[in-house]
Amino acid sequence: MNASLHLNLLQDDERFSSSPIRLRVMVPLLAVLGVVGLGVWWLLLIARIDNIMHEKTNLETHCAELKPTHDQVLALRAREKETRAAVSQLGFYRTARIRFGDALARLPQHVPASIQFTELRVPTPPLQPPPDPTLKVKPLGPTNLAETVTLRIMGRASSSTSSEAVRSLLEALRRPAFTNLIRKAEIPKGTFRQDTARGPAARECVLFEISCDCGERRFE
Amino acid sequence: MKDASFVLDKLSPQVRMALGITGAALIVGVAIVFLGIKPTYQRVKTLTAEVAQLGATHATMKTNIAGIQKQRAATEVAEDALKGILDEGVIEPLLGSFSMRGKSLLDPLAEETGFTIANIKEDRLIPLQVPQPPPQQLYARQLVELTGYGAYTQIVAFVQAAEQAFPLAVVSGLRIEHQMSTPERHRATITFEWPVKGEKRK
Numbered sequence: 000m001n002a003s004l005h006l007n008l009l010q011d012d013e014r015f016s017s018s019p020i021r022l023r024v025m026v027p028l029l030a031v032l033g034v035v036g037l038g039v040w041w042l043l044l045i046a047r048i049d050n051i052m053h054e055k056t057n058l059e060t061h062c063a064e065l066k067p068t069h070d071q072v073l074a075l076r077a078r079e080k081e082t083r084a085a086v087s088q089l090g091f092y093r094t095a096r097i098r099f100g101d102a103l104a105r106l107p108q109h110v111p112a113s114i115q116f117t118e119l120r121v122p123t124p125p126l127q128p129p130p131d132p133t134l135k136v137k138p139l140g141p142t143n144l145a146e147t148v149t150l151r152i153m154g155r156a157s158s159s160t161s162s163e164a165v166r167s168l169l170e171a172l173r174r175p176a177f178t179n180l181i182r183k184a185e186i187p188k189g190t191f192r193q194d195t196a197r198g199p200a201a202r203e204c205v206l207f208e209i210s211c212d213c214g215e216r217r218f219e
Numbered sequence: 000m001k002d003a004s005f006v007l008d009k010l011s012p013q014v015r016m017a018l019g020i021t022g023a024a025l026i027v028g029v030a031i032v033f034l035g036i037k038p039t040y041q042r043v044k045t046l047t048a049e050v051a052q053l054g055a056t057h058a059t060m061k062t063n064i065a066g067i068q069k070q071r072a073a074t075e076v077a078e079d080a081l082k083g084i085l086d087e088g089v090i091e092p093l094l095g096s097f098s099m100r101g102k103s104l105l106d107p108l109a110e111e112t113g114f115t116i117a118n119i120k121e122d123r124l125i126p127l128q129v130p131q132p133p134p135q136q137l138y139a140r141q142l143v144e145l146t147g148y149g150a151y152t153q154i155v156a157f158v159q160a161a162e163q164a165f166p167l168a169v170v171s172g173l174r175i176e177h178q179m180s181t182p183e184r185h186r187a188t189i190t191f192e193w194p195v196k197g198e199k200r201k
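In order, the protein sequence lines correspond to chains A and B.
The letter at position 213 of the first sequence is residue 212 when you use numbering that gives the first Met the number 0, and the numbering goes up by one with no holes.
The letter at position 42 of the second sequence is residue 41 when you use numbering that gives the first Met the number 0, and the numbering goes up by one with no holes.
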């Protein structure tokens, strides 16, 4: 009999791997190193928080020191903004001014002797329309930017050439002397008529009206 | 469970120790990540954002403060401009009455020009168009209506004098009526308007 005999004298736990790295050592070692690494990362983060907190405290202190002066700047800025807005609003009024004095002073020079004014009228600004109830936010002021101004002259002409006299007055109102104030002057239809109210004695008299468009007062 | 302890019983003490250490390390590692690193990292992120915000605020404050002289000058220029307009003729009520203010302003001019003021009364207050951005203190147009008598030249001289003396006064209504009994003396109803302080915006 020439059979080989294999004799195993090692127990299982006495067996060693031929590898130079033993897993039962390396795995726990790596696990522990990993945990240590995580711990270090955590500590670094904590240290960073400390730094940031320090930086934050510094900035807060600086900001607190600057606050009174900065508040002054903000107050000055708010005052400027408010003032400019007020100037702007009053500017709307200034640009919308209209002057009657000089034109009215020049008027008598252009009125023929046969004409007598009975009334001269500039209507007051129209009433503001009530705010639109469908609007959620009520506007702070009027939304119309322009207001029409008119001048109405009513008078009587008492001569045989009354129509010429009235026409001459109308032409005068269209001349450059009045263009600062009057944009358009016309006799509304039906307003040049005979004066019947004062009886037969006034048969020669005619009544007239001249309506002048004085342009718009633009609030902008 | 019995099987597991049987398997462990079969392992050598060294392997069991290795497994124990590895398991414990994993548990501690997970705990550090979820209970330590993650919240700390979040805090770092929050704080970094706060510091960045504070830094920006600080920089803005410094820039603003550096321009304080310029800002002061700009504010003064604007206030001077407003004062100029207010002095030009933005009127305030006299003891609560705009009509009495109007009377106090117009009486001397009427006397000078020979126009007789018979009556003066406060008319409507018309809000003024509002710019963008709107001011806190809004302004309005106050109408003051006066009735008086005089020759045409006196009435017109009075209007001219008022327009000259008060650059912001505007004739917003006028009615000169011929009087049968006194052909040379007319009745005039003149509505002047002035800018006045209106409501304060809430």
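Quick caveat, the hints were computed from the structure, so don't treat them as lab data.
Every residue gets a Cβ at the ideal spot worked out from N, C-alpha and C, and that includes glycine.
Careful: at least some of the hints might be erroneous.
Straight-line Cα separation of at most 16 Å, EDC-like style, residue types lysine to aspartate or glutamate; simulated pairs [as the list claims (entries may be wrong)]:
| id | chain 1 | residue 1 | chain 2 | residue 2 |
| --- | --- | --- | --- | --- |
| 1 | B | Lys61 | A | Glu13 |
| 2 | A | Lys183 | A | Asp212 |
| 3 | A | Lys80 | B | Glu111 |
| 4 | B | Lys199 | A | Glu13 |
| 5 | A | Lys137 | B | Glu198 |
| 6 | B | Lys44 | A | Asp212 |
| 7 | A | Lys80 | B | Glu176 |
| 8 | B | Lys9 | A | Glu13 |
Label-pair ranges, simulated between beta-carbon atoms [as the list claims (entries may be wrong)]:
| id | chain 1 | residue 1 | chain 2 | residue 2 | range |
| --- | --- | --- | --- | --- | --- |
| 9 | B | Ser103 | A | Gly189 | 42 to 50 Å |
| 10 | A | Arg173 | B | Gly66 | 50 to 58 Å |
| 11 | A | Gly189 | B | Gln135 | 28 to 36 Å |
| 12 | A | Thr142 | B | Lys201 | 14 to 22 Å |
I want to verify a distance hint. Is the separation of the beta carbons of B:Ser103 and A:Gly189 within 42 to 50 Å? Holds, since B:Ser103 and A:Gly189 (Cβ atoms, about 45 Å apart) stay within the stated range.
Does A:Asp212 sit within 16 Å of A:Lys183, going by the straight-line distance between their CA atoms? holds, 5 Å
Hint check for B:Gly66 and A:Arg173 - Cβ pair distance inside 50 to 58 Å: With a Cβ separation near 56 Å, A:Arg173 and B:Gly66 satisfy 50 to 58 Å, so the hint holds.
Does A:Lys137 pair with B:Glu198 here, judged by a C-alpha cut-off of 16 Å? Since the Cα atoms of A:Lys137 and B:Glu198 sit roughly 14 Å apart, the hinted pair holds (cutoff 16 Å).
Straight-line alpha-carbon gap A:Lys80 to B:Glu111, limit 16 Å: violated, 42 Å
Tell me if the straight-line CA distance from A:Lys80 to B:Glu176 falls inside 16 Å. violated, 47 Å
Could you say whether the range 14 to 22 Å given as a hint is met by the Cβ separation of A:Thr142 and B:Lys201? holds, 20 Å
Agreement of B:Lys44 and A:Asp212 with the hint, judged by alpha carbon distance not exceeding 16 Å: violated, 70 Å
B:Lys9 paired with A:Glu13 [C-alpha distance capped at 16 Å]: holds, 13 Å
Take the C-alpha atoms of B:Lys61 and A:Glu13, compute the straight-line distance between them, and say whether it is at most 16 Å. Given pair B:Lys61, A:Glu13 is violated - Cα atoms ~76 Å apart, limit 16 Å.
Do the alpha carbons of B:Lys199 and A:Glu13 lie within 16 Å of each other, as the hint requires? violated, 97 Å
Against the range 28 to 36 Å, how does the distance between the Cβ atoms of A:Gly189 and B:Gln135 compare: consistent or not? violated, 52 Å
The structure fails to meet hints 1, 3, 4, 6, 7 and 11 from the earlier list, while all remaining hints are met.
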